[in-house]
Amino acid sequence: MFGFQRTQFRCTSSIMRSLLVCGVVLGVLWNVVHCELVSVCEEEDGDLRVDCHVEPRANQINSYEFSVSTGTVETVVNTNVSGSSPDVRYRDHSYVEQLEPYGYRLTLSADTHTHTLTNTHTHTTFICKISKNIASVIIEKNDLLPCSADRVLVQSCCWLLGVLLSLWGLPPQ
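Residue numbering for the sequence shown is -35 to -1, 1 to 138, as defined by mature numbering (1 follows the signal peptide of the UniProt record, and there is no 0).
Honestly, the hints are just simulated from the structure, not real lab data.
Owing to the predicted nature of the structure, the values given are computational and were not obtained by experimental measurement.
Built from N, CA and C at the ideal position, the CB exists for glycine as well.
Hints may be right or wrong, so weigh each one.
Claimed, not checked - Derived lysine to any residue pairs resembling SDA-like cross-links, with alpha carbons at most 20 Å apart:
#: 1; residue 1: LYS106; residue 2: THR37
#: 2; residue 1: LYS97; residue 2: SER34
#: 3; residue 1: LYS97; residue 2: ARG22
#: 4; residue 1: LYS106; residue 2: SER34
#: 5; residue 1: LYS94; residue 2: VAL38
#: 6; residue 1: LYS94; residue 2: VAL46
#: 7; residue 1: LYS97; residue 2: ASN27
#: 8; residue 1: LYS97; residue 2: HIS58
#: 9; residue 1: LYS97; residue 2: SER49
#: 10; residue 1: LYS97; residue 2: ARG54
#: 11; residue 1: LYS97; residue 2: GLN63
#: 12; residue 1: LYS94; residue 2: ASN27
#: 13; residue 1: LYS94; residue 2: GLU65
#: 14; residue 1: LYS94; residue 2: ARG56
#: 15; residue 1: LYS97; residue 2: ASN45
Claimed, not checked - Using C-beta positions, here's what the derived DEER-type ranges look like:
#: 16; residue 1: VAL46; residue 2: GLU1; range: 22 to 28 Å
#: 17; residue 1: ALA100; residue 2: ALA75; range: 21 to 27 Å
#: 18; residue 1: ASP57; residue 2: PRO111; range: 33 to 39 Å
Produce the complete structure using the sequences and hints provided.
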């Protein structure tokens, strides 16, 4: 009689462990799918930051193009695509840096017309194109959030929760 209960406990424990592993795998997949490809925030000094976490296509030269759209007009803010040039308003007021492991960050200085774009229209669409992969985000009027360390960490490191969950599921050493 006791042997049957012990076997049943081992079976239940095995099922629980399998469910935990499945939960961890689903958690990791959920984070990867729901990672924000484009995020927009305002830095403490008033600069506007647009992070684009689009993975470039393999075997292609990395190219990027950041643009904004209000209504039906799309305006190029910064680009390294040959044959394309940024709008005069943004040419000397923006710069782009590469993110690790992939992606680009656009920073627009506070003295540009960027903030009027997000404050005078009902919404502004920020678009990034990396090696012909396109992603965008719509920012509603007055919804521009400040850049904070925890928000940026969560947005740029979607895999962090997955790693923590997978470590939690490991048996103690």
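Hinted pair LYS97 and GLN63, Cα distance within 20 Å: holds, 16 Å
Whether the CB-CB distance between ASP57 and PRO111 falls inside 33 to 39 Å: violated, 25 Å
Does ARG22 lie within 20 Å of LYS97 when you go C-alpha to C-alpha? The hint holds at about 8 Å.
Compare the distance between the alpha carbons of LYS94 and ASN27 with 20 Å, and conclude whether the hinted pair is satisfied. Between LYS94 and ASN27 the Cα gap is close to 10 Å, so the pair holds against 20 Å.
For the hint 21 to 27 Å, verify it against the beta carbon of ALA100 and that of ALA75. About 24 Å separates the Cβ atoms of ALA100 and ALA75, which means 21 to 27 Å holds.
Tell me if the straight-line CA distance from LYS94 to VAL46 falls inside 20 Å. holds, 10 Å
Hint check: LYS94 vs ARG56, CA-CA at most 20 Å. Holds or violated? Satisfied, since the Cα-Cα distance of roughly 18 Å is no more than 20 Å.
Is LYS97 within 20 Å of SER34, Cα to Cα? Holds, at about 18 Å.
Given the proposed pairing of LYS97 with ARG54, does the C-alpha separation stay at or below 20 Å? violated, 24 Å
When you check the alpha-carbon spacing of LYS97 and ASN27, does it fall within 20 Å? With a Cα-Cα distance of about 9 Å, the restraint between LYS97 and ASN27 holds, given a limit of 20 Å.
Has the given pair, LYS97 with ASN45, been kept, meaning a C-alpha gap of at most 20 Å? Since the Cα atoms of LYS97 and ASN45 sit roughly 12 Å apart, the hinted pair holds (cutoff 20 Å).
Does SER34 sit within 20 Å of LYS106, going by the straight-line distance between their CA atoms? Holds, because 13 Å separates the two Cα atoms, which is no more than 20 Å.
Hint violations for this structure: numbers 8, 10, 18, all remaining hints satisfied.
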